Structures are given as structure tokens and as C-alpha cells.
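Participant: Spelled out, the chains give:
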Amino acid sequence: MLDKTVKKIIEKSKSLGWILEPDAKALMKSRGFDIPDSILTSSFKEADQFLTHSKGPVVAKAVSKKILHKTEHQAVVTGIFSSDHLKNEMERLQKLVGCENILVEEMVQGIEIIIGAKNDFQFGPVIVFGIGGTSVEIYNDTAVRMAPLSPDDVLSMVNSLKAKEIISGYRGKTGVNMEALTHLLVNFSQFVMEHENDIESIDLNPVMCTKDQCVIVDARIMLQPS
Amino acid sequence: MNLKYLFRPSTMAVIGVSTSQDNHPANVIYNKNHLRYPVKTFPVNPKGGIFSRETLYQTVEDIQEKIDMAVIAVRSEFVPGVVEQCIQKGVGGAVIISGGFAESGNLRLQQRVVDIAKEASFPFVGPNCLGIYAPDYVDTFFLPGERIIHPDKGNVGFVSQSGGVLVDQMVKFAGQGIGISLAVSIGNKACIRETDMLDWLDQDLATKVIAFYVEGFEKGEGRQFIKKAEQCSKPVIILKAGKSKKGIEAVSSHTASLAGDYRVFSEIMKQYCVAEADNEYELTSFCEALSCYPKGINGNIGIITLSGGHGVIAADACERHGVSIPGIEPATIGIIKEKLSPEIRNIVSLENPLDLTGSSTDCDIVTSARHLSRDNNIDCIMALLIPYSPGISTDIGAKLSLVARNEGKPMIAYVPNEDKYRIIIEGFELNNIPVASSVEGAVLMAKALMRCRPC
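Those protein sequences? They're chains A and B, same order as listed.
Mapping the first sequence onto our numbering, position 136 (from 1) lands on 136, and the numbers just tick up by one.
Mapping the second sequence onto our numbering, position 278 (from 1) lands on 278, and the numbers just tick up by one.
Just so you know, the hints here were simulated from the structure itself, not pulled from any lab data.
The structure presented is a predicted model; accordingly, all values stated were derived computationally and were not measured.
Don't take each hint at face value.
What the hints assert, rightly or not - Each computed SDA-like pair below joins lysine to any residue, with the alpha-carbon atoms no more than 25 Å apart:
id	chain 1	residue 1	chain 2	residue 2
1	A	K70	A	E112
2	B	K270	A	N159
3	B	K270	A	Y139
4	B	K227	A	N197
5	B	K89	B	G99
6	B	K4	B	E119
7	A	K162	B	D278
8	B	K227	A	S150
9	A	K162	B	G296
10	B	K270	A	E137
11	A	K87	A	V77
12	A	K7	A	Q224
13	B	K270	A	E196
14	B	K234	A	D152
15	B	K227	A	H183
16	B	K219	A	S150
17	A	K164	B	C273
18	B	K227	A	E200
19	A	K87	A	E100
20	B	K40	B	T11
21	A	K211	A	S38
22	B	K243	A	I138
23	A	K14	A	L96
24	B	K219	A	I199
25	A	K164	B	G260
26	B	K243	A	S160
27	B	K243	A	E200
28	A	K70	A	G56
29	B	K219	A	E196
30	B	K234	B	Y272
31	A	K55	A	S42
32	B	K228	A	E194
33	A	K164	B	E319
34	B	K295	A	S150
35	A	K95	A	E106
36	A	K162	B	G327
Work out the full structure, taking the sequences as your base and the hints as a guide.
Facilitator: Structure, rendered in C-alpha cells:
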């Protein structure tokens, strides 16, 4: 049943070549990974209700088949507390190229990490893990391992980072829940192995990790050219 | 595929021997094997004729005896036909020296040869290669014996995509006293590839360490290789060429741009404890160290030096290569101090590096090595032996080797590579202790042990 969801989403995205964020998130959820509570809507009223009922600020993102890298199009707004702010930003986002819908999500805090996958020509599926965020390519503090990963691989990936103390906790700051991180990475690597023929690469960036959980805040899945 | 006849042939046909060109590859190969190797060698040329007072066979099928292996050095267009003749004759395998295949765009011709061989399970090395150097058995390199430097027979199996790199590496091995069990240039690797060689060398009793020079793998082949390396009972070393970032500019995801082809290669080698050498010098050091010590270390080195300067140079190199120099336990310092000669007791530096000064004797060095080996913080001893000091005897290599064997911790030595010090070097090497000819080389050996699977 769950695998059917995955197949259905992959099939419907093939012509585009990549999976839109709401679908990518649904796919991750179907595999048992945590994603933020959200609503996909074009109505301000619905979005506003979501904001009222959420525990804290929300994030609004434009969902467009023409926007692959949202940051570069200013298609993500974080830290929305008020209805007015939400309204203004929704109106702006809806004017962005190809915008079909707005994804409004609860804003999740934590340590930003990147978990990625790539179908390598020589080695098949490989997993990337490291310090995430929009500057990931500048810092490039990541580790690469061949999938599937074992829990020991996860530990060695963490230990190989320059910023490993950020993951383990330093100067009184709590780190990342290693059990949750290991569970996510090991299972994600298995998912990638199962779908190596469909998937070219995946960015889960950022994944917000705390001492309690790891939540996938953004997901981009590039499909193999058919 | 049975590769026995290729690497341990008793009889060999060299096809393409020329009656007019003395330097033709087939002539060079025929001459050196016929004159200097135990393999019984038969010259073949479709036109027949006389060569060195011997009648050339017109086809391999004309040879009365069973032929284990054929060297094929004819023009590329004739290769498929010659391979068919070899199969017909029941030859055990071939080395195809000839170029003019995939490397110059003739993919179809190469595929024809592959198809013919595959159908008959006929193994071949190449095309476009130097082939095989198996000390005491066979040498298909088309380079005159007097021009190349052969390392002695030893325990390193080396496989290279490039013939030039292979020959050059053999010079480096010979220079460091590293011996070869088998060296194979696999060229276009149309049939026998790295994975096949890994299988063969894993089983080969003469080989203790397996080294590769690789430019690239086919689709999915890297995964196959690494899985075999993981199962392999011997240390595997790899030198990769083609590390540039070419081809990843147009990628559309962060992951793809972070994980370029070489980055993926290098990290996966590390993940599976294949020791990746950064360059040919590292490859040489890695081969020597891992042929003595097949199990890895965590990289906590205890350095014994007779000169403060060498200790500092070693410490710098250790930092550069990620090798650590931990503090020595106070109990170790106490016992070493107690046992040192009274003349040096108050002038030595009892830290790590342990500087015993130029006034030390064999006895001081041996005692220090013994107790440093027993220190829990240390998992490898590095002895920087500058043999200029009058207190050092020519037996120091053999004496320290005995300490290493008794204490059970790896030891790496540095001794200047001079004829004068040969007896010290051999005192180590004949007792299976690797000797570097530079301080940096000794540190690279420690790095090799760190890159290998830990005990």
C-alpha cells in the first residue's frame, strides 16, 4: 500500500523530471519519516486558519513546476506570526512564475543538516550527510558513503565532519538525537536502494534535528531521465 | 574464467613475430622469454619465414604442443581471426598487445573480439596493453629487458590500467626494495578487469598486498569492486587518476554537486578500508608497509629519534597526514629513564618524539623501543635511525626487528637509502619491518596502516 503511494507519485512526476515539494514530502511521510504539519492551499482563509491553530510561526512556500531552487526565487518566507504578514507574502508568492499553490507549514527549529542521495555512475546509490542550509556548497562539510548505510556508517559520517560537535552538542548546547538521526539515515538509504532505477538524486535540505527528533523541512527529488 | 594459464604458463606462442623489424613488440617479447624465462616460447607469423635461425609457425594451430598462453601482437584487424585460431587450438588465454581498438574509437572491432572470446570462455588481457610480468614465469612487456628495471620477486600484486604507469611504478618499487608477485597492465580491460584481478590475487599464495592504478570504472563496476575488496583477505591499495571536477558543473541538486565523481570514489574507498594513495610515492610506501602489516592501526605513533630535528620533521609530517603522536604514559617514561645509559640519561628528551640524542647506543634504542611498545597510548613505533652516531652498530636493524616481533606492535623505520647502510636496512627488511628512505616516507607508511582495516 505504502509502496503504491511512492510509485504513484513517481509516475505522475516523470514528465516534469522532478517531484514537487508537497509530493516529495508525502512520499517521505509514507516511509515513516517526520515532516512538519502543513496545508497546501491557494486560499488565504485556509492558510490563516492554519496559522491560528499552529503552535508557533509558520513558513509559506510557493509550489511551482518552474521553481526548482526556491531560495533563488525568494519563494520561501519563514517566521510568519501574523495574518497580515501571511496575507502580504501569499499575494507576493502567488505572483511568482508558475505558482500553483502555497505550502504553509509549521516552522520547525533545530540544527540544520542535509541528507542527500545520488545515483553514482560507478557506485550506484550513495548518501551524503552534513551540515545543511542554503550555504551547504560553500561550507561543504559533508560525508559521503555508499548505500545502504549501517548504523556504524552513520557514526563514522558524523565523526568525519569538521562540525561534529554541532551534532553531538557543545558549550552547553544540546546536540542531535543520534537514534533518530541513525534511524532516518539508515532507512532513507534503504529507500534509495529500492528506487535506484527511478531516482537520480535527492536533497533533504534542511532536515531540522533536535535532541528529540529529525524533521524533513524541504525535500527535492530529481528523477532519472526516462 | 580460469586465469592459471595466463599467469603461470609453461608454453607460450608469440603471434606477430616479424622477420624484418627487430624492434617489433612481438620480437622483443619472444626474445626475452625464449632466452631468459622458463616458459617454452614459439614464434608465429602468418607469412612464415625464418627468425633467429628458427622457423616461424604460420598459425598457432601448427604448433604440436599444447599452448597455455598466446601473446597477440598483430594489426588490430587481424586480431579477431587470431583469437579464433587460439580458441580452436585450445589455448588457455591471451595477452592482446595490439592497439587500435576502443582507445582509438574502434569499439565495434573490440566488441567483436570480446564476443568471440566470451562464447568460448577464453580469457584475455588487453587489448592495448603491456600485459603480464610474472617473475620466474613470463614477461610480456614489449620493452627490452636491458631498458627496464625489474623489481625482485616479492609479495605485491600490482594491476594498472596504464602500461606506462606500471613500468614507472616498477622502477619505484625496485628503488625501495619492494618485490612483485605479479604485475599486469590491463589496458582497455575488454575482458579481464580489476574485479577479476582482485579475485585472482586474493587467491594467489605469493601475493600479500594488492595494488591498483585505476582511471575509472564502468557503470556499477565500482560497487562490484568494493564488495570484492571488502571480502578480500589481503590489504587493497588504490591510486586513482582523473580526479578533476569535470562533468559536474551542470548538476541540479546540492547533493550531486557536493558528491562529485572523485569525492564519491575516495570516500567509498575509505568506508570500505581500501587504502587510497594520493600519489605514486604514497603508493610505494603503502605497498611496503601493508606487505609487512596487513592489519590496520588507529594511528598513535611513538617516535624514537637520535636527532631533535628529525623528530620535529616527523611530527610536522604526522600532523599533515592525520597521524597522531600521543603523550607517553609516566610509567613508561620512568622505566625508560631508569634503563638508559647514565651518559645520556640527563640529556635525552623523554617525550614523544623520544629524542635519544647522537650519544645513544644500540642498547638505549632497543630499551626505548621495547618499553614504548608496551605503552597503552602507542600502537605503532617509528624509529628514525640516522646511523652516523658512533654508538650505533650495524646490528641495530636486526635487533629492533626482534623487539617488534616480541612486543607485537608494528614498527616502521627510517634509514637513509645508501649502500653503506645496506646491512641495517636488510636487518629490518629481511625481518619484515618496512624501511622508508625519508622521514616523510615513514609517516606515509603509518598513514597506510591507518587506512587499512583495524585489527
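Participant: Does each hint hold? Answer for all of them.
Facilitator: Hint-by-hint comparison with the structure:
The hinted pair formed by K70(A) and E112(A) meets the criterion: a straight-line CA distance of about 17 Å does not exceed 25 Å. Of the supplied pair hints, the one linking K270(B) and N159(A) holds, its CA atoms being roughly 13 Å apart against a limit of 25 Å. Under the criterion of a C-alpha separation no larger than 25 Å, the hint pairing K270(B) with Y139(A) is consistent with the structure, at around 21 Å. As the CA atoms of K227(B) and N197(A) are separated by approximately 20 Å, the hinted pair is consistent with the 25 Å bound.
Our distance criterion of 25 Å between C-alpha atoms is met by K89(B) and G99(B), whose separation comes to about 24 Å. Restraint check for K4(B) and E119(B): the C-alpha separation of about 19 Å stays at or below 25 Å, so the hint holds. Between K162(A) and D278(B) the alpha-carbon distance is near 21 Å, which keeps this suggested pair within the 25 Å criterion. A distance of roughly 15 Å separates the Cα atoms of K227(B) and S150(A); the hinted pair therefore holds under the 25 Å criterion.
Restraint check for K162(A) and G296(B): satisfied, since their Cα atoms lie roughly 24 Å apart, inside the 25 Å limit. Restraint check for K270(B) and E137(A): the C-alpha separation of about 22 Å stays at or below 25 Å, so the hint holds. Between K87(A) and V77(A) the CA atoms are separated by roughly 12 Å; this keeps the pair inside 25 Å, and the hint holds. Straight-line distance between C-alpha atoms of K7(A) and Q224(A) comes to about 14 Å, which keeps the hinted pair within the 25 Å bound.
In summary, the hint linking K270(B) to E196(A) is supported, as the alpha carbons are separated by about 23 Å, within the 25 Å threshold. The hinted pair formed by K234(B) and D152(A) meets the criterion: a straight-line CA distance of about 22 Å does not exceed 25 Å. Only pairs whose Cα atoms come within 25 Å are accepted, and K227(B) paired with H183(A) is accepted, the gap being roughly 24 Å. Distance check on the hinted pair: K219(B) and S150(A) sit about 24 Å apart at the alpha-carbon level, within 25 Å; holds.
Proposed proximity of K164(A) and C273(B) is supported: the alpha carbons are some 21 Å apart, at most 25 Å. The straight-line distance between the Cα atoms of K227(B) and E200(A) is roughly 22 Å, inside the 25 Å bound, and the hint therefore holds. Straight-line distance between C-alpha atoms of K87(A) and E100(A) comes to about 16 Å, which keeps the hinted pair within the 25 Å bound. Our distance criterion of 25 Å between C-alpha atoms is met by K40(B) and T11(B), whose separation comes to about 5 Å.
Proposed proximity of K211(A) and S38(A) is supported: the alpha carbons are some 22 Å apart, at most 25 Å. Under the criterion of a C-alpha separation no larger than 25 Å, the hint pairing K243(B) with I138(A) is consistent with the structure, at around 20 Å. For a cut-off of 25 Å, the pair hint linking K14(A) to L96(A) stands: about 23 Å separates their Cα positions. Restraint check for K219(B) and I199(A): satisfied, since their Cα atoms lie roughly 16 Å apart, inside the 25 Å limit.
Distance hint between K164(A) and G260(B) is fulfilled; the C-alpha atoms sit about 22 Å from each other, no more than 25 Å. Only pairs whose Cα atoms come within 25 Å are accepted, and K243(B) paired with S160(A) is accepted, the gap being roughly 21 Å. Between the alpha carbons of K243(B) and E200(A) the distance comes to roughly 22 Å, so the proposed pair stays at or under 25 Å and holds. With a C-alpha separation of about 23 Å, the suggested pair K70(A) and G56(A) falls inside the 25 Å cut-off, and the hint holds.
Taken as a hint, the K219(B) and E196(A) pair is honoured in the structure, with Cα atoms around 13 Å apart against an allowance of 25 Å. The suggested pairing of K234(B) with Y272(B) holds, with an alpha-carbon distance near 13 Å, which does not exceed 25 Å. Pair hint K55(A) plus S42(A) holds up; C-alpha atoms about 21 Å apart against a cutoff of 25 Å. Between K228(B) and E194(A), the direct Cα distance comes to roughly 22 Å. Compliance with the 25 Å bound is thereby established for this hinted pair.
Note on K164(A) and E319(B): the hinted pairing holds, with a Cα-Cα distance of about 20 Å set against a maximum of 25 Å. With a C-alpha separation of about 22 Å, the suggested pair K295(B) and S150(A) falls inside the 25 Å cut-off, and the hint holds. About 22 Å separates the Cα atoms of K95(A) and E106(A), which keeps this hinted pair within 25 Å; it holds. Straight-line distance between C-alpha atoms of K162(A) and G327(B) comes to about 24 Å, which keeps the hinted pair within the 25 Å bound.
In the structure shown, no violation is registered for any of the earlier numbered hints.
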